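Enquirer: Residue-level listing of the chains:
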Amino acid sequence: MAEEKEFEPIIVGFFCNWCTATAADLAGTLRMQYPANIRPIRTMCSGSVDPVYVLRALLGGADGVIVGGCTPGDCHYVSGNYKARRRMSILKTVLNTLGLEDDRVWIKWISAAEGAKFARIMNEVTESVKKLGPNPIGKDWSI
Amino acid sequence: MDKMAKSEAVLVIGAGVAGIKTSLELAEAGHKVYLCERKPSIGGALIQMDKWFPDNHCSLCQMLPTLNRDKSDQFCLRRGVNHPNIELLYNTEVTELQGKAGDFKITLDTRSTGVDSQLCIGCGLCAEVCPIEMESQFDEGLGRRKAIDLSNPYATPHLYAIDWEKCTRCGECVSKCPTGAIQLEQKESIRQLQAGAIILSTGFEEFDPRLATQYGYRRYPNVITSIELERILSPGGPSYGELIRPSDSRTPASIAFLQCIGSRDSRRDYCSSACCMFAVKEATLIKQKWPQADVHIFFMDMRAFGKGYHRYYEHARDALGVQFTRCRVPVVKEDPRNHDLMLTVASEDDRPVKRQFEMVVLSVGQTPAPEFNELCQVLGVETNRWGFCQTRSLSLVETSREGIYICGSAGGPKDIADTMVEAGAAACGASKWLGSPAIRPTDKEPMEKPAEEPAPKTAVFLCGCGGEIASTLDLESVAEHLGKLPGVVHVETVPYLCRSEAFEAVRKRVKEHKGNRLVLGACTHISGQMLDELTTRVGLDPALVRVVNLREEVIWVHRDQLEKALAKAKSMLAMAIEDIRQQDCLPTSPMTVTPNALVIGGGVAGMTAALSIARHEIEVCLVEKSSELGGNLKDVYSTLESGDTRASLRDAIEQVQKNPRIHRHMDSEVVAANGYAGNFRVSIKGKDESINTVEAGAIIVATGGNEHRPTEYLYGQNQQVITQLELEKRLFAGELDSGGLRSVVMIQCVGSREKDRPYCSRICCSQALQNALKLKELNPGIEVNVLYRDMMSYGFKEAHYTRAREKGVRFIRYEPDRKPEVRQDGERLTVEMIEPALGGTLRLEPDLLILSAGVIPGDNRTLADILAVTLDEDGFFQEAEEKFRPVDFVKDGIYVCGLAHSPRGIEETIAQAQAAARRAVSLLTSKQLAAGRVISETVQRQCRKCEMCISVCPYGARAKDDETDEIVVREALCQGCGACVVACPSGAAKIRGFRDRQVFALIDAAF
Chain Z
12 MAEEKEFEPI IVGFFCNWCT ATAADLAGTL RMQYPANIRP IRTMCSGSVD PVYVLRALLG
72 GADGVIVGGC TPGDCHYVSG NYKARRRMSI LKTVLNTLGL EDDRVWIKWI SAAEGAKFAR
132 IMNEVTESVK KLGPNPIGKD WSI
Chain H
7 MDKMAKSEAV LVIGAGVAGI KTSLELAEAG HKVYLCERKP SIGGALIQMD KWFPDNHCSL
67 CQMLPTLNRD KSDQFCLRRG VNHPNIELLY NTEVTELQGK AGDFKITLDT RSTGVDSQLC
127 IGCGLCAEVC PIEMESQFDE GLGRRKAIDL SNPYATPHLY AIDWEKCTRC GECVSKCPTG
187 AIQLEQKESI RQLQAGAIIL STGFEEFDPR LATQYGYRRY PNVITSIELE RILSPGGPSY
247 GELIRPSDSR TPASIAFLQC IGSRDSRRDY CSSACCMFAV KEATLIKQKW PQADVHIFFM
307 DMRAFGKGYH RYYEHARDAL GVQFTRCRVP VVKEDPRNHD LMLTVASEDD RPVKRQFEMV
367 VLSVGQTPAP EFNELCQVLG VETNRWGFCQ TRSLSLVETS REGIYICGSA GGPKDIADTM
427 VEAGAAACGA SKWLGSPAIR PTDKEPMEKP AEEPAPKTAV FLCGCGGEIA STLDLESVAE
487 HLGKLPGVVH VETVPYLCRS EAFEAVRKRV KEHKGNRLVL GACTHISGQM LDELTTRVGL
547 DPALVRVVNL REEVIWVHRD QLEKALAKAK SMLAMAIEDI RQQDCLPTSP MTVTPNALVI
607 GGGVAGMTAA LSIARHEIEV CLVEKSSELG GNLKDVYSTL ESGDTRASLR DAIEQVQKNP
667 RIHRHMDSEV VAANGYAGNF RVSIKGKDES INTVEAGAII VATGGNEHRP TEYLYGQNQQ
727 VITQLELEKR LFAGELDSGG LRSVVMIQCV GSREKDRPYC SRICCSQALQ NALKLKELNP
787 GIEVNVLYRD MMSYGFKEAH YTRAREKGVR FIRYEPDRKP EVRQDGERLT VEMIEPALGG
847 TLRLEPDLLI LSAGVIPGDN RTLADILAVT LDEDGFFQEA EEKFRPVDFV KDGIYVCGLA
907 HSPRGIEETI AQAQAAARRA VSLLTSKQLA AGRVISETVQ RQCRKCEMCI SVCPYGARAK
967 DDETDEIVVR EALCQGCGAC VVACPSGAAK IRGFRDRQVF ALIDAAF
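Each protein sequence line maps, in turn, to chains Z and H.
Terminal number for the first sequence in my numbering: 154, no gaps in between.
Terminal number for the second sequence in my numbering: 1013, no gaps in between.
No wet-lab data here; the hints were simulated from the structure.
Only a predicted model underlies this, so the values are computations on that prediction, with no experimental measurement involved.
Every residue gets a Cβ at the ideal spot worked out from N, C-alpha and C, and that includes glycine.
Accuracy of the hints is not assured; some may be wrong.
With beta-carbon atoms standing in for the labels, derived distance ranges [stated by the list, open to error]:
no.	chain 1	residue 1	chain 2	residue 2	range
1	H	E953	Z	I101	38 to 48 angstroms
2	Z	I101	H	P548	52 to 62 angstroms
3	Z	K16	H	R947	29 to 39 angstroms
4	H	Q396	Z	I101	55 to 65 angstroms
5	H	P548	Z	R97	26 to 36 angstroms
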């Protein structure tokens, strides 16, 4: 029966071209298994992920969003990941006012060599969002 | 000589980090580069490591070109290097060399890997069925691999190779391979090619500690090498980055690093230069993640002599609590019950005590690769007594044979930062033998924007990957789903997309359906050169092609969730289709370049840079603030390793003066500058206060530094107290009556490695060794005492340190908190100090006291502000990246070398000036600079001119146009990071390929 089917969240991932997107590829080469709930989007830099993109994903129906970038200090574009970190922490404070749990937005540093870490984080974010349940406001809003 | 027809190609031997860097330097300038590598994959020792000192960052991608950047792949370099001018030759060695500089004829021998790279799809079925397990070289034997396997997991495309030694020819893989790519017979093929110059970059081999049996390596499981520890700490390593010891996979509570294993001993009396910092880095990484671990480093001298290294060392010691103990551990013994290790080490009061550690790390030194000697014989270049390549006097990169250059550890042990400088210098040297490049990377005309943009028509091709994808995903249902999406005109499944037959099929179909967009559902293989080839064949702008990785990002990672995997695949493809439907294809405007250079500073760095640039028929404007050329060289007579340097330096000055392309501005300084890479305008103020404005495409900062004027040890109060430079002058100019001297004392680190100046001045230990040896030569009876903290006789300088000790020079260590005390008692000068080794007070009465005063930066602040570049904490110029971009600034078109960058010796300064010159030449010989595909732009009607975008742009690619008052983008400088887009409060800054409507459409397609 449909009701008994486990909730399968959709999680949009914004992954920077230089580190996390490469790690995603490496996870594949190493056949690391992780849940297929992730919908990856390659961006040049985690610093180019506009908070509006994250909101668009959440308001469009995503149950969670994860931003992946280079480890601190390692940004290909000097300091984009620091900018991303600041923006996402500000965004989290706004999410609550929309009636969304701030845990739905993750930001993680996964370097190009960390295929295993990529798989682990994808597992963790999926499990975490599953526990939160479906996005309560998805598709009711738009920007 | 210049009239001779010279080959424009260059051969680079060894594709480690040095080889990759030097190849990119020359490829960027349009030369054809053959990059030949003995192994089946590139990257050398470097890609076994994740993080490097002195910042614990990776930053490998910083090596990629920033100008004309789309020519090379915009990906992590661990995946490989892809540039249209670089031809990679794997498994290849040079067997014969004929001809001469400018026209070498080279014979190469390529051994087959057993796997046809044209046919291999990288599915890995061969490795799955292979019955032979062996130690993985990549994981330093800590992990396992099969006899047919990937040589490293990062390389793209994934190319499998057979280890011929271990392969039993059982044929399991041959029958399993879906494409018939495997042949169990090793074949060799001979190839001949021509090159104008050769660059050797074969790197080093780590010392095999089995040769030093006293340490029990391979007898005791918990004795490992520093490189093995690197693999253990790597998140991609055998334990996924968990610190475990081999005997019981437990996290060791105590770890001892033993330094100088295979270095500084009687057989190898050189220092491996990098291992001290390497150990500090590994200790740092351990302490950051496992703060409770008890980490000890046992060393002789802590050689933290590079830029920023001393701070890094102090941080490890003082902030992280790594224990540093000065002693050479003679032997390692094991407790067989628990595999712990017993060491006899020095206690705090220098008595020998026994200590137990749970793991011992041997900091293995660098030795020449075993086949290096043979290669040097083939090439006819000389090696030194340790088997490294011999270089010419004053040069770090010229070998004994004209036209052949060396860079990196094959020329002597060194770290990445120094290797990168040499890679640039070698490219600079080699380019003098190369003909003008036939192909310029920017020659291709940019695609023109059609008068009216046609409606997007997307063709979609799904690769079955010989069943690998097709048997897992229901491609038919995928195709049916995609066919209904807007803009899609054709969907087709092909068995293998990575075949040239498939390229042709794709071209035909796209043409048939008048497609102008392409989406490929395939794998990582469709990237780099293969993707270039495919897009060229189909005739589409690469910006209008998207590859969705159905293999590495779907079927290989979601094995037991096929239903969800199918949904993900459909979403990913739909997202790509929507993304590309919104993609517009605007032409970019290439930037023109003013082909002149400006060099600031007329010392050795500036003169070398000016001469190197002028050799490429480029006009150079050389600005010197004083009335004569030579800078600090006026006071330098000799160097430790090159001997008397006066003649060659006089020669350099003469060459600069005679060179018609070098326009000297003496008694002048730069007072204003504006513009950007390729187009600077600089105002120079002359002696008579007149202002001259020059235009230049590139600027080199070579303003030098100064010897510190000591305020301590009675300097300036007592005539007997002088600096090393003052001594050198008296010694070599014959102004010193050395025969009349009985005793000389030298004090090292005067003002260096102190609270106010926490850096090592790098050159003073060499100066002290040189002057001490000279004194001993002139007067063997003289007593010379050198009071030091750590002798920085890195590399081959160590041999001079040994020689000085043999000649009777006494080296006595002092602690920074118990400095020597200098007093004047009437006529006599006395030096008193506590001698750590004996604990007693030592009293010396020298005739001369020599202070190693070190290097201080010049007044760099003014110039830094004028050029809008930054200074580091110590007042030297701050390069773009400490390791991989040692002569660049983040702002393109300005380069730095010599003491303006950091303290360094004359040979090192010359090499760095050559590297800086090479960067400038690459820029200046480009007729124009092409912008990348992903660049930012300003929508003027939305722009409120707040200039936020200008302040966040790291590259100076955004500026306010003085005439129109508009915010403009210098497209060739933009790296496409998107910082401006997010910063812009009014939505006026956009990134092509990532416009809001495009990203929104892409996001919406995810559901």
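Enquirer: Could you check the structure against the hints above and give me the numbers of any it violates, in ascending order?
Expert: Hints 1, 2, 3 not satisfied by this model.
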